[in-house]
Amino acid sequence: MSQKNLESFTIHSFRGIRGLELKELGQINLLVGVNNSGKTSVLEALSVYCHPLDIGAWLSIARQREQGFRISRTPLLNSLEWLFARDATIGSEGQKSGSIHISSNGCYTVRKMNASYEVIEGIYVFDKQRRPIGFYDSVASSEDEQLNEEGGLSGTRKGLELKINLDTLSLDNLVPGQNIAVDFQLWENERLFKFSGRKNPSLLTSSVTPASHRSEIGQLRLLSDARLHDFKGDVLVLLRQMDPSISDLEILLAPGSMSSNFNIFIQHDELGLAPLSTFGDGVRRLLHIALQLAAAKGGILMIDEIESTIHTEALQNSFRVLIKWCNQMDIQLFATTHSLEAVDALIAGTTIESDLVLYRIEPKSGQTRVIRHAWDRLKRLREDLGQEVRW
Numbered sequence: 001m002s003q004k005n006l007e008s009f010t011i012h013s014f015r016g017i018r019g020l021e022l023k024e025l026g027q028i029n030l031l032v033g034v035n036n037s038g039k040t041s042v043l044e045a046l047s048v049y050c051h052p053l054d055i056g057a058w059l060s061i062a063r064q065r066e067q068g069f070r071i072s073r074t075p076l077l078n079s080l081e082w083l084f085a086r087d088a089t090i091g092s093e094g095q096k097s098g099s100i101h102i103s104s105n106g107c108y109t110v111r112k113m114n115a116s117y118e119v120i121e122g123i124y125v126f127d128k129q130r131r132p133i134g135f136y137d138s139v140a141s142s143e144d145e146q147l148n149e150e151g152g153l154s155g156t157r158k159g160l161e162l163k164i165n166l167d168t169l170s171l172d173n174l175v176p177g178q179n180i181a182v183d184f185q186l187w188e189n190e191r192l193f194k195f196s197g198r199k200n201p202s203l204l205t206s207s208v209t210p211a212s213h214r215s216e217i218g219q220l221r222l223l224s225d226a227r228l229h230d231f232k233g234d235v236l237v238l239l240r241q242m243d244p245s246i247s248d249l250e251i252l253l254a255p256g257s258m259s260s261n262f263n264i265f266i267q268h269d270e271l272g273l274a275p276l277s278t279f280g281d282g283v284r285r286l287l288h289i290a291l292q293l294a295a296a297k298g299g300i301l302m303i304d305e306i307e308s309t310i311h312t313e314a315l316q317n318s319f320r321v322l323i324k325w326c327n328q329m330d331i332q333l334f335a336t337t338h339s340l341e342a343v344d345a346l347i348a349g350t351t352i353e354s355d356l357v358l359y360r361i362e363p364k365s366g367q368t369r370v371i372r373h374a375w376d377r378l379k380r381l382r383e384d385l386g387q388e389v390r391w
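Each residue of the sequence shown is one higher than the one before, starting from 1 at the first, in the working numbering.
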């Protein structure tokens, strides 16, 4: 088997994780453990590590856990702060800094990533109608006096200074790797779109969260990409594991619609042509997973709660199709689960050539212990001995 994007992955510090090491990664990697053991945090750490200089991606990752809310409840900069490992001896109100330290081996050129933040303060100025008219990077009494003389009103604002250092290894042995150091300043009440966009070095990733399939934003683009990559037929194969009556997918403008918004419609043997929104969560989630497959070709696909909304009877066939396409499209899969049925369905739907590895995550006394089971051992533990492998 060819070398993978990631052969090993170590989280030295990220959120509440300390010293977690995933050795000898497979093509298919399943993360299990008790609630709050850090499974979702591992996926978030992977996402940050694969896009280390894309602060727009970091901000999206920081808000992923609030996808189920109509309105995000946590200020954006505070969400970003919580990605960093924090000093447990300092209360959350007193925390002024934090760190992230991650390393890996494999084809991906980034070998080590160190990031830190510090809380900074500045001043903003607004007129008597409270419209912002200026920002300053530091608080200074002389500036305050000047602003007051000009008739402006001023107040303090919070910011974060991020320092990111990368150790990279060139794939060309004739060219040495390099150290990359980049600093960012982010301020509250400031538009952060300028930090969006793909930044190199990076590794192609796609993410599926428990709630991401409920949003139609981006689904049209994903379906278009699947069609352009000649993957639409296989998307339908996966959907038919949930509902055999599904025969086609189309992008249409709803009849009589006064807007120019197109939507995804499903051709169904019994219902006829119906909008995707009329189908249950199971169909919508499988469609979302299938579309993200096309977007992750040659990279990494992350699925949080892989069994979510999929009926138990459809798990094995759905997983078999998913794993088939991960192998054919050279996708390294990382997934979490709470379900023993999902573990058994993955074992039944794979062979030793599928390169399935299960990692049980166990937080222990400030460190995070990991128990690794390759496919052959996992199969013996479950099918021959009937042992619990999740905790």
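No lab work stands behind these hints, which were simulated from the structure alone.
Every residue, glycine too, gets a C-beta built ideally from N, C-alpha and C.
Hints are supplied without guarantee of correctness; some may be wrong.
Straight line, CA to CA, 25 Å or less: simulated DSS-like cross-link-like pairs of lysine-lysine [claimed, not checked]:
hint, residue 1, residue 2
1, Lys-232, Lys-23
2, Lys-4, Lys-364
3, Lys-379, Lys-163
4, Lys-232, Lys-297
5, Lys-199, Lys-4
6, Lys-112, Lys-379
7, Lys-96, Lys-232
8, Lys-112, Lys-324
9, Lys-199, Lys-112
10, Lys-4, Lys-23
11, Lys-23, Lys-364
12, Lys-96, Lys-4
13, Lys-199, Lys-163
14, Lys-112, Lys-96
Ranges between beta-carbon positions, derived for each pair [stated by the list, open to error]:
hint, residue 1, residue 2, range
15, Ser-247, Gln-367, 19 to 25 Å
16, Gly-19, Pro-201, 21 to 27 Å
17, Glu-121, Asn-36, 21 to 27 Å
18, Lys-23, Thr-156, 29 to 35 Å
19, Asp-376, Arg-111, 28 to 34 Å
20, Asn-261, Glu-66, 35 to 41 Å
21, Gln-387, Ala-254, 48 to 54 Å
22, Glu-7, Arg-214, 19 to 25 Å
23, Ser-257, Glu-188, 35 to 41 Å
24, Gly-298, Arg-221, 17 to 23 Å
25, Gly-19, Gly-56, 37 to 43 Å
26, Arg-73, Val-34, 23 to 29 Å
27, Gln-367, Ser-257, 51 to 57 Å
28, Ser-8, Arg-63, 25 to 31 Å
We went through each hint and held it up to the structure:
1. Between Lys-232 and Lys-23 the alpha-carbon distance is near 35 Å, which puts this suggested pair outside the 25 Å criterion.
2. Taking the CA atoms of Lys-4 and Lys-364, the gap is about 29 Å. The hint is violated against a cut of 25 Å.
3. Note on Lys-379 and Lys-163: the hinted pairing is violated, with a Cα-Cα distance of about 44 Å set against a maximum of 25 Å.
4. Pair hint Lys-232 plus Lys-297 holds up; C-alpha atoms about 14 Å apart against a cutoff of 25 Å.
5. Taking the CA atoms of Lys-199 and Lys-4, the gap is near 21 Å; set against the 25 Å cutoff, the hint holds.
6. For the hint linking Lys-112 to Lys-379, the alpha-carbon distance of about 34 Å lies beyond 25 Å, and the restraint is violated.
7. Only pairs whose Cα atoms come within 25 Å are accepted, and Lys-96 paired with Lys-232 is rejected, the gap being roughly 49 Å.
8. Under the criterion of a C-alpha separation no larger than 25 Å, the hint pairing Lys-112 with Lys-324 is inconsistent with the structure, at around 31 Å.
9. Only pairs whose Cα atoms come within 25 Å are accepted, and Lys-199 paired with Lys-112 is accepted, the gap being roughly 17 Å.
10. At roughly 13 Å between alpha-carbon atoms, Lys-4 and Lys-23 fall within 25 Å of each other, so this suggested pair holds.
11. Distance check on the hinted pair: Lys-23 and Lys-364 sit about 18 Å apart at the alpha-carbon level, within 25 Å; holds.
12. In summary, the hint linking Lys-96 to Lys-4 is not supported, as the alpha carbons are separated by about 38 Å, beyond the 25 Å threshold.
13. Taken as a hint, the Lys-199 and Lys-163 pair is honoured in the structure, with Cα atoms around 16 Å apart against an allowance of 25 Å.
14. For the suggested pair Lys-112 and Lys-96, the alpha carbons sit about 24 Å apart, so the restraint of at most 25 Å is met.
15. Between Ser-247 and Gln-367, the C-beta spacing of about 52 Å breaks the proposed range 19 to 25 Å.
16. The hint said 21 to 27 Å for the Cβ distance between Gly-19 and Pro-201, and at roughly 25 Å that hint holds.
17. At roughly 33 Å, the beta carbons of Glu-121 and Asn-36 sit outside the given window of 21 to 27 Å.
18. A hinted range of 29 to 35 Å for the beta carbons of Lys-23 and Thr-156 is inconsistent with their spacing of about 47 Å.
19. A hinted range of 28 to 34 Å holds for the C-beta pair Asp-376 and Arg-111, which are about 30 Å apart.
20. For the pair Asn-261 and Glu-66, the supplied restraint of 35 to 41 Å is violated, since their beta-carbon distance comes to about 25 Å.
21. Checking the proposed 48 to 54 Å range against Gln-387 and Ala-254 shows it holds: the Cβ atoms sit about 52 Å from each other.
22. Between Glu-7 and Arg-214, the C-beta spacing of about 35 Å breaks the proposed range 19 to 25 Å.
23. Remark: the range hint 35 to 41 Å for Ser-257 to Glu-188 is upheld by a beta-carbon distance near 39 Å.
24. For Gly-298 and Arg-221, the Cβ-Cβ distance of about 18 Å falls inside the hinted range of 17 to 23 Å, so the restraint holds.
25. Checked against the hint of 37 to 43 Å, the C-beta distance between Gly-19 and Gly-56 comes to roughly 29 Å, which is inconsistent with it.
26. At about 25 Å, the beta-carbon gap between Arg-73 and Val-34 stays in the expected band of 23 to 29 Å.
27. Checked against the given bound of 51 to 57 Å, the beta carbons of Gln-367 and Ser-257, roughly 56 Å apart, stay inside it.
28. Range check, Ser-8 to Arg-63: about 29 Å between beta-carbon atoms, so the 25 to 31 Å window is met.
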